[in-house]
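Protein chains: 2
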Amino acid sequence: MELWTIAPLAALASIVVASYLFVYVNKQDSGTTKMREIAGAIQEGANAFLKREFMYLAVFVAVVATVLAIFLPKNGPIMGVAYIFGSICSALAGYFGMTVALKANVRSAHAAKEGLNKAFPVAFRGGAVMGLSVVGFAMLGISVVYYLTGDPGIVLGFSFGASAMALFAKAGGGIYTKTADVGADLVGKVEMDIPEDDPRNPAVIADNVGDNVGDVAGMGADLFDSYVASIAAVMILAVGLAPGISSFDNPFVNLPLIFAGLGILASILGVAIVRVGKKGNPGKALNWGTYITCGIFIIMALFVTLYLRQEIETWAQSNLESSLYPFQIWGALVVGLVAGVVIGITTDYFTSIDRAPAIKTAEASKTGAAINIITGFSYGLISMFPPLLGIGIASAVAYGLAGVYGVGIAAVGMLSIVGMIVAGDAYGPIVDNAKGIAEQSGLGEEVIDIADRLDAAGNTAKAITKGFAIGAAGLTVLALLATFQEISGAAGFDLMKPLVLAGALIGIAMPPLFSALVMLGVGKNAFRMIEEIRRQFREIPGLKEGKEGVKPDYATCVDIATKGALKELILPSVLSIVVTLVVGFVGGIDALGGYLGGSIFSGLIFALLMSNAGGLWDNAKKYIEAGAFGGKGSEPHKAAVVGDTVGDPFKDTAGPSLNTMITVMSLVASVFAPLIVMYALL
Amino acid sequence: MELWTIAPLAALASIVVASYLFVYVNKQDSGTTKMREIAGAIQEGANAFLKREFMYLAVFVAVVATVLAIFLPKNGPIMGVAYIFGSICSALAGYFGMTVALKANVRSAHAAKEGLNKAFPVAFRGGAVMGLSVVGFAMLGISVVYYLTGDPGIVLGFSFGASAMALFAKAGGGIYTKTADVGADLVGKVEMDIPEDDPRNPAVIADNVGDNVGDVAGMGADLFDSYVASIAAVMILAVGLAPGISSFDNPFVNLPLIFAGLGILASILGVAIVRVGKKGNPGKALNWGTYITCGIFIIMALFVTLYLRQEIETWAQSNLESSLYPFQIWGALVVGLVAGVVIGITTDYFTSIDRAPAIKTAEASKTGAAINIITGFSYGLISMFPPLLGIGIASAVAYGLAGVYGVGIAAVGMLSIVGMIVAGDAYGPIVDNAKGIAEQSGLGEEVIDIADRLDAAGNTAKAITKGFAIGAAGLTVLALLATFQEISGAAGFDLMKPLVLAGALIGIAMPPLFSALVMLGVGKNAFRMIEEIRRQFREIPGLKEGKEGVKPDYATCVDIATKGALKELILPSVLSIVVTLVVGFVGGIDALGGYLGGSIFSGLIFALLMSNAGGLWDNAKKYIEAGAFGGKGSEPHKAAVVGDTVGDPFKDTAGPSLNTMITVMSLVASVFAPLIVMYALL
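Chains as they are written, first to last, in this note's numbering: chain V, 1 to 682; chain D, 683 to 1364.
The following block holds chain V by itself, in its conformation from the complex (with noise of 0.2 Å):
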């Protein structure tokens, strides 16, 4: 069965038509001289982040892929080549969708001026760059190591590589655009009472930037990393139901491919489909997409599976021990991309600026700054209910179909349409950034307006990505949990058991103890920002009342931000890596499962918890701003802006970094397995 070849044809077609639309975005007009000077400095911020953090990347890759070299029991060196070559390709698609959202924003900015149906196509292909180069590069990588080694234990080491990028553009970035937004608001905003996007302000250039490094090459980052881990556990997992044979001629490990390869083909139908007419709805746009998406997907998987149908129940027969029907796989997989939806809509109904929850916040905020708070707060508990429920029920069906296999099925199911959701996801920064340079380069009310409707939009597709991201990363984590069980040998992680249940008591807190100090991270670094801009404004003479040619020092904020970002993440990053491994070699695989279960756990809880109620904060405080109870400027507006504040850390920091922490210490357990079976003291 050498059909799985159609997951490398498949990323190739991805990354060429990524190409043809950076073609299609870079020949767009890039609009007047003001416009272009504006997205020149966004640019050169964010090269200025990238490259700095590839330095950093490129000595923990270097640490990390000689510790797997010279320690891990077998194929060590292959694992390490594996590791690098794994963090390679996640920066490359990084690099590639990043440099093209930096084009798109001005260039959907100066389409507006000619409606909303020219200016939509520039933002949204240029997400959709983003999304195609994801899934194209994560799948070409996954391919090759797979066609060299034929072994899936080095593809979890390509997933690992992955991992390391995802934590550094996740995290980073996310420390990055909050202590940018935070200080340009708070000495900008509050203390000067200049507007948001002013020019005059020294860090809206760092703000701009962030949202680029944070939201789109961050969240590309975290979705390559689920969807690498999703595909590398599901094939550890068949190689286990039939140990004695090649992978290759083992039709379920090839089965995940099959079904990713047929995803990136229906994100590539999905993105091409997409279109706004001139009085259109880009938020429905966008949701038809992902809708549509998902049909094509779900039927062309259907067809390979009848196609398939008799060759794997024959193989399955005579090289298996328990049945596994091809039918139950797909119908696993169509679980799988279900729940994903069904979390992505429960999410927007919780952060819906039109919706109870967003709503009865924002009443709130008429009795002060802490009801908002404890408002939201509890909103934010209550919408993890139905995520759960949903990722419970899913997970338990996919198993009563297709045993742990379809739990990992599951997940691939739900990543399948990974290229459609991050080309949704990465429109939204690129639209905002368009706002935002259309406010500085003074386009003029109805060009603004404009853009705001694109943002709008925007803000919806990503809190839907958010959730969509948390569901597929719970998934993931616990099909690697099953990997980390079958790699290890382990019978189970049985809850009565001492060491497991100490384990997860060690492993609920990690999370929180991640979460606060990204947080706690947020606020020094940006206590130096704001330290920058107060200089700035007291030492720049004309600078506040914006004299002609007075220009402030974009480049120094950018620095700080990028510098302190860095340095923030260094310590969350070793204590997640570092306390799982010696949970490991401290108290062995029994204690290890627990950890990783309890770190699941609390990590699922607190990532939806702090997206949603961050999300829910903003449009609360968003309601206000269009007017209700008392409108921009008012009390209650001033108590939901300080809702919005605390969101923020919360909902674009801390809780979507959980993620990829949670995809991270999975991996490491997974990696090092072998050596703590052979050397654990307990």
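Treat the hints as calculated values from the structure; they're not laboratory data.
Not one of these hints is a red herring.
Below 30 Å or equal to it, Euclidean Cα-Cα: the simulated BS3-like pairs (lysine-lysine) are: (1) D:K1042 x V:K189; (2) D:K1320 x V:K189; (3) V:K544 x D:K1048; (4) D:K1320 x V:K524; (5) V:K118 x V:K622; (6) V:K638 x D:K871; (7) D:K1226 x V:K366; (8) V:K524 x D:K1042; (9) D:K1179 x V:K497; (10) V:K27 x V:K51; (11) D:K1249 x D:K1206; (12) D:K1048 x D:K871; (13) V:K27 x V:K279.
We have chain V; now place chain D onto it with these hints.
This is chain D only, laid out in the frame that chain V set:
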């Protein structure tokens, strides 16, 4: 081995000493007419709350008891009676303790005129009545049930009844106290600009009542609940060690009773020892009281272990399959107790006014309310690491020493000194009230200063107790999980089983849901209260100006808080029982085991986070009020007040109610386990 009768004898001694202290407090001078008037109003309000609470409770208990009597396959009617008896015993302890607290407040305020060393014993002995009543009535109840039935399973029914009372007292009282507090503060301090505890404020009596119903009666009922549950759990685990043998002949069934009896005696001695000099430090006196109680208990337990050693070893050799040695059991007991103290101390670090977390949070207030909240929240997240590690290590060590039975014994060890712990905790609201009475009746600067110092010690004691209560609940519910496993006959709860996992994912969503509902309940109820306070200021002429003879209508505010609190409690309470039964009857024992495990994990997380972050925000505010960063009235102070207001429902409503909630859920599962085994769907 009839040595277990030490338990009821110690319980009787405890009640006798409590009665003596009651008389002591009662015969103290209750001060001026004005003071008596205020204290009378508080007493009236508290009694009104209790009366209504008991009414609701009676209906609830009657319904559940009927359900137990009809549906349980074995011993239904007896279980129903034990259930009613448990709720009555807990209610009696609460009523007795609170009656004294309401006498001790005004009497210690009066005694403060003669100095700290006169006021302290009045307040502390008032608290001690609660502490000794809790352990006295709890142990007397257990002993009666055990003596009459000889069946630890029925003791579990008694425990279930106590948990019903805890739910009403802790969660209902928590909603009550914050409703009154938030309402009084928001209208009084913020809108009307009148000081705290000002007699013109219509909600001031309700606020004072709240301290008593939430902190005295609530905390007492909560620890009553954990105390009984831990003893019942370990008795059942002991039965499981030697199934065929009568409980009375099984020394392992009797050991927890003996140890708990010794703990009561140690607490009585500890209470007798605590005293403070004229210039003494009441906080230190309370802490030393706790340490000395621990020491006495450990030594007494050691002697009893030495005395029983031979008998237990001989019995164990001929009746048990696995070995279980007396000294190892003693070790597990000590491990639990030490873990409790360590958790208390780390809680103290994270919430104390003179430690880094509170100071840094206070400092963060310089950049506004949002940064104050993010910082405090972050430290709250970090603060859960030490106690979770502590519970993890304690349970693993206790298991290593004496198996699952050891985990239960560790919980008993931790809870052995509950008499002393509750005494210190109940002291807090008494002196808080004393301070309020001193201010309202104008006793002058010097007296208020002494009341302030007494109050500060109370706050520290409260923080430690909360950490302790959470730790104790944690170990208790782990023991209850083992009990559930024992009763249901499950082999274990393996996270890799799909139903266990799905159950766990639903379970982790429950405590956040419960927290959110009670916090939103506070919001709704506070809103009603605010409307009423505003109405009174508007409609009662001369009230705001403080005209001679004009008094607000305190009773209506008390009534609103009371009705609302009990109303808002219904949904979360019913949900936590019903969802548990649904998960059990649909998913079966595996799903229910996972569900309990998951709810324990997230229950611990949120209980620790909310209690600690709340305490931290409170003290950060107090740190600023003591003069730092601009002091009272400055911008940082206003920011810190927002943090404190957010923290109020965290630390006094949602956080501490979670102990009770997870205990209730565990008990529901254990009590209904036989039915679930018979009728589960999957």
